[in-house]
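Colleague: Residue strings, one per chain:
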Amino acid sequence: MADELVNLTIDAVPVSVPKGTLVIEAAKQAGVLVPHYCYHPGLPVAGVCRMCLVEIEKAPKLQIACATQVAEGMVVRTQSAPAKQGRMGVLELLLINHPLDCPICDQAGECELQDFTFQEGRPATRYSPDYAKRFNPVEDFGPDVLYVPNRCILCTRCVRFMEDVAQEPVLNVSERGDRAYIGIHPEGRLDHPWAGNVVDLCPVGSLLSKDFLHKARAWELDKTASICTGCSQGCNVTLDTRDNVVVRVRPRPNLEINRYFICDHGRMNYRWMNRGDRIEAPLVQRDGELHATDWDEACERVATSLRGAGGRAVVLVSPRASTEALFLARELFTGLDWTGAFQVVMGEEAPLAGVPNLALRAERAPNAKGAELLGYTRHYAAALAAAEGAAIVLVLDEPDLVVRTTGTLIYAGSVLPEGARAAAVVLPIANVAEEDGTFVNRDGRAQRYFQAKPAPGMARPAWWVLSELAAAAGRGERIGSADEAHERLTASVDGLRGLVSA
Amino acid sequence: MDIGYWKLLMGYPHKPHPRETVVLSKHFGDADARTYKGWVKRGGYEVLAQALAMEPAKVIDIVKESGLRGRGGAGFPTGLKWSFMPKEKKKPHYLCVNADESEPGTFKDREIMRWTPHALLEGSAIAAHAIQAEVVYIYIRGEFTEPWTVMERALAEANATKVFGGIKIFLHRGAGAYICGEETALMNSIEGKRGNPRIKPPFPAAAGVFGMPTTINNVETLAAVPPILKQGAAWYKGLSLSSPKSTGTKLFSVCGHVQKPGNYEVTMGFPLKDLLYELCGGMRAGRTLKACIPGGSSVPILNREETESCLLDYEGVVEKGSMLGSGGVIVFDDTTDMVYQIMRLARFYAHESCAQCTQCREGTAWTTKILERILAGQGKMADLDLLLDLSENMTGKTICVLSDSCAAPVVSGIKRFKSEFEDYIAGRRKPVMVA
Amino acid sequence: MSVTAHPTPAGTEAYEPVFTAAVLDQLGEILARYPTKQAALLPALWIVQRARGWISDRNMAEVAEVLGLTPAYVKGVVTFYTMYHQHPVGRHFVQVCTTSPCNICGAEAVAKAFLETTGAKELGATSPDGKWTVIEVECLGACGFATPVLVDDDFIESVTPERVPELVRKYK
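Chains as they are written, first to last, in my numbering: chain A, 1 to 502; chain B, 1 to 435; chain C, 1 to 172.
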C-alpha cells in the first residue's frame, strides 16, 4: 500500500511526500538543501543548532525544518528575508567562539561551517576581538579520535551516535551554557568498534581521525565509490585518494546495508591497497627462477599448459577477488574435472546495536557468497590435497599460499608470496582499488565497486588476465571491458541473472 | 531537622494587609496549619474526599469554569490543560508539580510549601484524580532545604492517614538549575537526565515524563484548586476586579527597594501602584520609584509611569508592554544603576542556559560581555544597536524561552533607560569594574 | 601539610564504595518510586555528596555501575547541576545569592563579608583551615528576604554584612 502523500510547496516548488516526512527531507525533493548542523538522517532529531530555520506560512515564528513535519498545503520559504536573517544570526553566534584556524584544520574544504558561512553568513563578525574565545585543550578520546573542543559547535551528533546508534554512551555534553563541551569520563575511552563514525558525523573539524590527521586537504582528494573489503557485510564506502594513494575510507550511505556508517575495522582496512611490494610484470619460470616477461609470453605459457591438460584442475581463490574474476576462473577450465575452493579469515563479530542487520561480520571477506554462488567450496584442505595430483592449479590472489602440486602451478596475484615462487607462471593483477568489479555480500546482494587508482606496472584486472588466457587457449572470447565482464557474469550465473548494477 | 531549630532561621510573613484577599495565604505564619491535624481542623482535605468521589471530568469542568490560569508564568488555563490528557486511559498518567521556583523576583511557591504544605498536597491529589494520574512527583529545587523538610513531614503525616487513596505522591529534589522550571526540562530532570528542554511536539499530555501522558502544574496553581472546589467556580471568578480572563487571587512576591517586601495576595486587576505604595509601604525613605519588573526577571522592565498605571492581571500588564509572568515584582528606586542590574540579569541567563540552542548558549554570554564592557567604560554607541539586534536573534528562535528571557530586560532596558547606557559609553559615568 | 609526591594513576588507588548494603537498601526505596533506574540518578548523587562532601570521578563510576548507566552519562548529568560539587569544598559551604533583586539590596557586600570573616579570600576558594568555601550563586528564590544565604543545608534569610561574623561564629 502506498503511503499517504502530503502536498506542499517549498520555495514555490510543489512536492508530494509521505505523511510524517520532515520539512528538511521534503526540501531535498524540491532541490533545496536547508543548511543544518545537528540534524542527521541517521540520528534522532535534536533540534538544537537552530540552523535550519525556515519560514512557514501561518506559523507565528520561524520553524526548524528538521523537527517540523509536513502538512497538506504547507508553504515553506527557505529564502525569505526573516529565514535568511535567522540563519545568519546562528552562523554569527557559532563563529564567535570558533577559531579561524581553517588553514590548519583537516575539515577545511569539507566543513559545513565554512560552506554555510560562505553561502549565507555575515561578511565580518561583530564579536569584538577584545573578548576572549572559549578555550579548552585538545583531548585524546580514543584509538583514532581526537577532540578539538575549540572548534566544537555542540551539535551533539557524536553524543547521539554513541548513545542511540552504538548504544554505548561514552560521550556526553559536559557543563552548560557557553562553558559546555563534549566530555568523556576519565576512565572511559571512545574505543567502540564503530566509534570512528563520529569523525564523519562531525560537521566541523572538532572530531578528527588520527589516521587521517594532516594527511591531505579535502580538495586534493579524488573520491571513488567502492565496497568495503573488511567483512561480508558489504558496506558501501568511498575511497579517498590523493595522488593515487588511498588515504581514507569513508561510509557511503546505503539505507539497506550500512545506512551512513562503517566500522573501524573496515575504515582502517586500506593500507594494503597502497602496498609498494607489488608484482609489476608477468613472471615465468626459467632455469629454476622467475623471470619478468611480457603478457604475450606469459599467456602463451599458460595456454600451452591448458591445451595439453586433461584430468583435474584445481582453482584456489581469495574471497576478496571480484565475482567476474571468480566466474572467469571457473569458465577457463570448462570440460576439465574442476575443483574450486576458498578459505575465509574469521574474527569477532561486532554489531552496531542501533541498526538492525548491521555488523562487522565474523567472516572477514567481502565475496565469500559470490564464490559460493559460482561453485567454490569451503573445503580448502580437500582442495589442497586434490591439488597435489592435479594437472593444473590456478591460484587467484591467495596470499596464504602453501600448495604442492605435480602439475602446472599458475599464480595470479597482486603480491608475490613465498609459496608462489614455485609457480610456472605468475600473473600480476590489480587490487580492489585498481579495478571495477562486483562483490556479493552475505545477504546475496551483488554490488559493484569502481577503480580509484591505476594498477602498478603491467598489472591488470583479474577479469582481463583470465579472459586473455581463455582467448590464448582457444577457450573463449576476449573481453574488452569491466562492464562486459560484468554482463557476461550476470547473463550466465543463475543467482545473478538479470541483475542491474547497484 | 528539628522544627524548633529552623523556626529560628525562617522569617515570618507579615500580617495580612486589609486590602489583601487571603485565600492561599490565609494560614501563612500559622505553624499549626503545617500539621495534618491542624490542616484538617481548618477544613483541609474535605474537598479532596469529595473530589475523589467525583467523575474526573466533573472536576476538570469546575476548574475550567473558575477561569484559573497557570501561576508559574505562562498563564495557560488550567482546566483546559487538564482536558488535554487522554480521556481513555491506556498508559500510566503522571502529574508533575513544578516547585522549582527559580525565577528571580519570585518566592511565592516557597512560602506556600513552608506554611501550607497540605494545601499543595491536597491540590495535587485533586489534580491527579482529575487527570487520572496515579503518581505525582513534586519537583522541589535543591536549594529549598526548608520547604523540602516541611513537605517531607507533611507528606509522611498525610500518607499515614491514607487520605490520597490510590494516588502516590513523591518528592523529587533538584540540584541547581533554573531551567528545570521549564516543564519539559523538569521532566527530563526527573528521568535522571540533564535538564534540557525538549522540542514540542510531542506535548506532555501525549508523551511527557517517562514517555507517558503528563500534566505539569505550578505550586500556586494547585494550591488554588481546593478553595475553588470548596467555594465554587463562580466565587473564584467573582473575586476578580477586572478582566473575565483573569480570575481569582494571585500571590505577588514583591522585592527590591520597597519598605516591606514579601508576598501579597490580591485579586486580579489590583493596581500595581497600590500594591507598592500601600501594601508594601512605598519606597525607602527619601527615594522614588525608577523601574519595576512586574512578573519575574524574564519579562520586560517598566518605567515609573507604566508601573504606576498598571493593573495586575494578565491583560493589564501586557497593555503596559510587559507580562504578568510569575508575579515576581522587582522594584528599583532612583539609586539603581540600571545598566549594572541588566548585566546581572543577563549574567544570570548566561549562567543558566542549558547549552542546547546556539542563540541561547552563545547569545546570553555575548550579551553579558557587551554589557560588562559598557560598564567598564569601554563601550561603543554601536554596542546598543548590536545588543538590540542580538536580542532579536535570541527571540522566538529557540526550543524554550530562556533566550527570549535574557533579551527581554535588555531590549526593554535600552528602550526605557537608554541615557544610562549612553552615560557609560560617553564617559559621563564612572566605570564599574565587573568581577 | 602533606604533599603527594607522585599522584597515583586514576583508577588504581583503593576505593571505598559509597553504596554499601545499608545504602543500597536506601537506594532501593528510592528506586521503587520510579519506573526506570535512571530516574534515581539525582537522588543517588545526593546520597554520594552527603556521604563524601563532593562527587569524584570514581564516585560517578560507582553510581553508573549501581544504576546501569555509563560513567560518561553520569558525568554529563553531574556537570549540569551546579549544586553537585565536582571538587572538594570546605567543611561549611556558603552560597550567597547575588542576582539582581538581592544585588540591589547589598548582596555583594554580604558575600564580601563572608570572604573576609571566614578567611576564604576569594569566591570558590577554600579557607586555609579547610573550614569554609564561599560562592556567589544565582537566585536562591527568596528575593523578598534579601540577602538569603545557604550555609550547608541551612537557609538563612535577611543576612546583612553586620550579621555575618555572628553567623560564622555559630558554625565554627
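Everything labelled a hint here was simulated from the structure, so no lab data went into it. Since we're looking at a predicted model, the values are computed, not measured. Please note that the accuracy of each hint is not assured.
Claimed, not checked - Lysine-lysine pairs mimicking DSS-like chemistry, simulated, CA-CA at most 27 Å apart: (1) B:Lys89 with C:Lys112; (2) A:Lys58 with B:Lys430; (3) B:Lys245 with A:Lys84; (4) B:Lys200 with C:Lys37; (5) B:Lys430 with C:Lys37; (6) A:Lys19 with B:Lys91; (7) B:Lys200 with A:Lys58; (8) A:Lys61 with B:Lys245.
Colleague: Against this structure, judge whether each hint is valid.
Modeller: Evaluation of the provided hints:
1. Proximity of Lys89 of chain B to Lys112 of chain C is assessed by CA-CA distance (about 56 Å); at most 27 Å being required, the pair is judged violated.
2. The suggested pairing of Lys58 of chain A with Lys430 of chain B is violated, with an alpha-carbon distance near 49 Å, which exceeds 27 Å.
3. Only pairs whose Cα atoms come within 27 Å are accepted, and Lys245 of chain B paired with Lys84 of chain A is rejected, the gap being roughly 38 Å.
4. With a CA separation close to 25 Å, the supplied pair Lys200 of chain B and Lys37 of chain C stays within the 27 Å bound.
5. Distance hint between Lys430 of chain B and Lys37 of chain C is unfulfilled; the C-alpha atoms sit about 56 Å from each other, more than 27 Å.
6. For the proposed pair Lys19 of chain A and Lys91 of chain B, the alpha carbon gap of about 26 Å is at most 27 Å, so the pair holds.
7. Between Lys200 of chain B and Lys58 of chain A the CA atoms are separated by roughly 18 Å; this keeps the pair inside 27 Å, and the hint holds.
8. Simply put, Lys61 of chain A and Lys245 of chain B have alpha-carbon atoms about 25 Å apart, close enough for the 27 Å limit, and the pair holds.
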